[in-house]
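**Student:** Now for the letters of each chain:
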Amino acid sequence: MRHPVSAPGRVEQGLEPAMQHAGPLPSASPGAPGAEGRPVSTGALLEHWLAGRLDEAAARWLRDAAASIAGGGADRELYRSISIVSRMLGKAPLGLEPAELAMADAARQGWDPSPWTVDQAARVCLLLAAGADGDGFVRRLDQLCATADVDELVAFYRGLPLYPDPPRHRLRAAEGLRSNMKVVFEAVAHRNPYPAEQLPQDAWNQMVLKALFVGSPLHPIVGLDRRANEALAHMLGDYARERRAARRPVSPELWRCVGPFAGGPLLESLERLLEDGSAAERAAAVLALRSASDPRAGRLLERHAALRDSVAAAGADWRSVLELQ
Amino acid sequence: MHFIDPHIHMSSRTTDDYERMRDAGIVAVIEPAFWQGQPRTNVGSFIDYLSSLVGWERFRASQFGIRHYCTIGLNSKEANNEALAEAVLDILPRYLSKEGVVAVGEIGYDDQTALEDRYYRAQLQLARELDMLVMVHTPHRDKKAGTIRSMEVALEMGLSPHKVVIDHNNEETVRDVLDRGFWAAFTLYPQTKMGNERMVEIVRQYGSERIFIDSSADWGVSDPLAVPKTAGLMLERGIARKDVEATCYGNALQAYGQSGQFDEAHWKTPEAVDQRSLFEGNSVLRGQAPRVDTPAAGVGAAAAAAAALR
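The listed protein sequences derive, respectively, from chains A and B. Just so you know, we're using our numbering here: the first sequence kicks off at 3 and counts up by one. Just so you know, we're using our numbering here: the second sequence kicks off at 17 and counts up by one.
If you are wondering where the hints come from, they were derived from the structure by calculation, not from laboratory data. Each hint should be verified, as a subset may be incorrect.
Below, simulated BS3-like cross-link-like pairs (lysine-lysine); rule was C-alpha separation at most 30 Å, straight line [what the hints assert, rightly or not]:
id	chain 1	residue 1	chain 2	residue 2
1	A	K93	B	K179
2	A	K212	A	K93
3	B	K159	B	K93
4	B	K284	B	K258
5	A	K93	B	K245
6	B	K179	B	K245
Please model the complete structure; the sequences and the hints are all you need to start from.
**Tutor:** Next up, the structure:
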């Protein structure tokens with residue numbers, strides 16, 4: 003396997019634990035990591051994508067930085083290299099192609115680096131290159147987060163699914179979700195498989211509720227349907243009623259997590275929505291009721307058959323429902 | 017006309033200030049690391065403070081359409097706690113190379129003690145190693161001698177004058193600073209240091225080359241609108257528009273632009289202001305309608321506000 007880093011042995015050694023998520027690649031161009039059908043690490047993928055997007059001088063700087071860090075360099079070297087990344091490499095979008103995104107998902111299920119930028123990819127690469135022993139990794143990540151700027155925080159939190167020993171980063175993820183900076187919150191919550199895999203139910207429910215609270219869309223949350231639960235449905239139902247009392251809107255997406263558990267007062271809320279909601283809310287209520295197991299949901303839809311049928315005819319789903327006015 | 021306030025401690029200011037600054041045409045600010053009115057007792061306080069300069073405060077400013085930059089350093093007052101100063105010097109390199117860090121600063125002398133001298137020199141050395149600019153705070157007491165000493169030590173440590181900004185000048189120090197080739201910044205404090213009227217006369221006498229103004233607004237009595245107000249006064253008193261633009265915008269841009277981290281494109285083609293990205297409950301917006309600008313409208317509104325000011 004050709005490796006874009008000049009000291010492949012050392013760097014790959016540092017990335018080994020990330021390979022526990024590795025799988026075979028569906029299709030890969032010749033020379034790409036995993037081209038021979040072997041598993042590939044997420045770190046090697048990041049390095050490969052960067053090597054193809056950086057000019058010669060920038061690529062050399064990154065190779066040298068990774069090599070010196072992987073060689074057991076001082077922490078000071080790691081902190082400086084990571085902080086100076088945006089000055090050295092810029093902040094252009096990584097702009098991954100569909101085939102590359104498929105490679106990402108194959109290497110690490112659920113990983114969606116579509117919004118990643120060059121500086122984020124490089125920072126995560128360097129962090130991984132510094133070594134993957136559990137204690138050392140957590141200590142370095144804590145130190146880096148304690149002195150991070152806004153964009154560095156986004157990079158470190160987007161990298162969560164790639165880090166060794168996943169359960170050890172639950173507190174880190176929770177810290178990111180507590181952030182008052184929406185971009186940081188979304189780095190954990192959006193397009194990131196880590197929360198669905200690692201957060202206990204209480205923390206998961208708080209994340210979903212907070213997303214609604216701060217105006218973040220729910221559809222980029224990985225595992226949203228899989229981790230739906232009754233406690234969350236009731237929390238969201240209460241939240242919707244509270245907002246309604248204050249005559250403030252709620253996102254139609256809220257009902258996506260309510261639908262499967264709709265019954266009792268939740269059904270009443272959905273019924274009201276069918277009657278006096280906006281176009282988006284009425285369509286959302288139909289989608290939610292379609293996912294409900296309570297037989298009363300079906301009868302409710304029967305009473306609003308025209309609406310039910312027009313939602314079906316339009317092929318509306320939880321994404322397109324947001325486009326309705 | 018757009019303005020830059022190249023020395024203002026926004027962490028000590030309110031969101032009302034941000035709104036008024038934005039409406040007055042201020043597009044970018046530089047927040048130098050300084051002391052907080054009471055000496056810190058451990059390095060952890062410094063870590064959290066410096067992290068907030070590159071984190072929360074940068075984010076907070078962005079919500080009001082103002083680009084926030086900073087300088088990182090150990091201020092002269094707290095340099096007098098030797099154990100603390102050593103620990104702070106150890107952590108400074110973690111911040112100096114970050115995005116938007118335009119200089120080492122504000123550093124220099126307060127009482128001109130031996131410890132202040134040691135850590136001023138150590139940080140000048142750091143600036144040389146990292147090829148960074150320096151923002152120098154000149155002492156309030158024994159000002160003229162302290163200013164000259166600050167420059168001589170900077171030269172002795174191998175810094176080029178064009179990479180050093182000497183701040184808090186007055187009528188007594190400006191000639192020495194300009195003659196030596198340094199940038200001369202003036203702080204416009206209400207009642208103390210330089211007042212607006214005196215500043216107009218300095219620009220009339222010395223012109224605008226390598227001179228620029230700032231508010232240094234902090235937790236004390238100070239005016240975050242000092243730059244746009246003084247610009248208005250200069251125009252009213254017949255100072256040429258090009259000199260007003262140079263001292264209230266262009267020269268600060270040129271001086272700190274040398275860092276490669278301070279670029280007009282950042283605010284001329286900004287990301288749209290989107291206050292909806294703020295969090296309710298614990299945020300800078302509490303129930304108000306969020307302000308959402310398109311980039312073009314944002315700059316236009318600031319320009320209109322600046323015009324109204326005149």
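**Student:** Next, verify each hint and record whether it holds.
**Tutor:** Outcome of the hint check:
no., hint, in the structure
1, A/K93 to B/K179, "holds, 26 Å"
2, A/K212 to A/K93, "holds, 28 Å"
3, B/K159 to B/K93, "holds, 15 Å"
4, B/K284 to B/K258, "holds, 19 Å"
5, A/K93 to B/K245, "violated, 36 Å"
6, B/K179 to B/K245, "holds, 28 Å"
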